[in-house]
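Protein sequences appear in the order of chains X and R.
Counting from 4, one number per residue, gives the positions in the first sequence under the numbering used here.
Counting from 25, one number per residue, gives the positions in the second sequence under the numbering used here.
Hints listed in this document are in silico derivations from the structure and should not be mistaken for laboratory results.
Just so you know, not all the hints are guaranteed correct.
Cross-link-like lysine to any residue pairs, in silico, SDA-like; alpha carbons within 25 Å at most [stated by the list, open to error]:
| # | chain 1 | residue 1 | chain 2 | residue 2 |
| --- | --- | --- | --- | --- |
| 1 | X | Lys101 | R | Thr79 |
| 2 | X | Lys6 | R | Asp80 |
| 3 | X | Lys62 | X | Val48 |
| 4 | X | Lys6 | R | Gln109 |
| 5 | X | Lys62 | R | Lys81 |
| 6 | X | Lys60 | R | Asp80 |
| 7 | R | Lys81 | R | Asn50 |
| 8 | R | Lys95 | R | Met74 |
| 9 | X | Lys66 | X | Glu8 |
To be clear about the criterion: a stretch of chain R counts as covered by chain X if any three or more of its residues have a C-beta under 8 Å from a C-beta of chain X, and this derived list gives those stretches [unchecked claim]:
| # | segment |
| --- | --- |
| 10 | 58 to 67 |
| 11 | 72 to 84 |
| 12 | 113 to 127 |
Every beta carbon over 12 Å from chain R, so not counted as near; a handful from chain X, in silico [to be verified]:
| # | residue |
| --- | --- |
| 13 | Leu73 |
| 14 | Pro85 |
| 15 | Asp96 |
Here a beta-carbon is modelled for each residue, glycine too, at the ideal position from N, C-alpha and C.
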Amino acid sequence: SQKIEQNSEALNIQEGKTATLTCNYTNYSPAYLQWYRQDPGRGPVFLLLIRENEKEKRKERLKVTFDTTLKQSLFHITASQPADSATYLCALDNQGGKLIFGQGTELSVKP
Amino acid sequence: EAQVTQNPRYLITVTGKKLTVTCSQNMNHEYMSWYRQDPGLGLRQIYYSMNVEVTDKGDVPEGYKVSRKEKRNFPLILESPSPNQTSLYFCASSFLRNTEAFFGQGTRLTVV
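All chains, full assembly: derive it from the sequences and hints.
What follows is the structure in structure tokens.
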């Protein structure tokens with residue numbers, strides 16, 4: 004069956020450290036993968052999109068990698084801050100028009 | 025300001041009473057979609073539309089209807105709501121299906 008999995012356990016890290024979140028998928032062949040941030044009770048906010056022919060993408064303190072062999076994307080936040088605390092969602096297309104979301108990983112950055 | 029606007033933000037209704045949640049975007053986006061978000065289940069796509077008059081089922085379409093008569097609007101219709109449709113609903117739009125999605129503020133629906 005098709006699955007997209009993110010760490011269900013919350014990730015707790017110290018301010019200034021690098022947070023690394025994982026997104027694994029099975030039985031999909033996505034042309035691209037996206038990462039979103041969601042704060043409680045609010046709509047997701049787009050962060051980064053990476054295409055299947057790109058290995059890595061960066062935006063300020065954010066970095067995303069996409070390994071189509073491992074069927075995995077890693078999302079890094081360097082020099083993390085308490086304001087980065089939120090739930091982070093990965094999403095991929097199933098090449099049929101649907102955008103499929105993972106359940107999200109809650110990140111908590113302690114001062 | 026570029027935005028996706030949903031209304032209402034909160035709604036409590038009774039089983040079987042038809043309701044419509046409106047969604048409007050001002051970015052001239054082709055692609056629009058509806059999601060529901062439930063604890064432990066994440067965001068699940070209900071319906072999507074790639075253009076005017078073109079709609080398709082997502083992963084959980086049962087009990088919902090949509091229409092796309094104009095590019096900017098994509099209402100979600102619950103003809104006969106049931107308690108299992110109590111959820112947080114989000115509308116989203118994007119220029120194309122594989123570009124960044126903009127989400128509305130959400131509609132918290134309770135069906136009693």
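For each hint, the structure was consulted:
no., hint, in the structure
1, X:Lys101 x R:Thr79, "12 Å, holds"
2, X:Lys6 x R:Asp80, "21 Å, holds"
3, X:Lys62 x X:Val48, "14 Å, holds"
4, X:Lys6 x R:Gln109, "23 Å, holds"
5, X:Lys62 x R:Lys81, "34 Å, violated"
6, X:Lys60 x R:Asp80, "31 Å, violated"
7, R:Lys81 x R:Asn50, "24 Å, holds"
8, R:Lys95 x R:Met74, "10 Å, holds"
9, X:Lys66 x X:Glu8, "19 Å, holds"
10, 58 to 67, "holds (count 5)"
11, 72 to 84, "holds (count 5)"
12, 113 to 127, "holds (count 9)"
13, Leu73, "22 Å, holds"
14, Pro85, "24 Å, holds"
15, Asp96, "6 Å, violated"
Checked against the numbered hints given earlier, the structure breaks hints 5, 6, 15 and satisfies all the rest.
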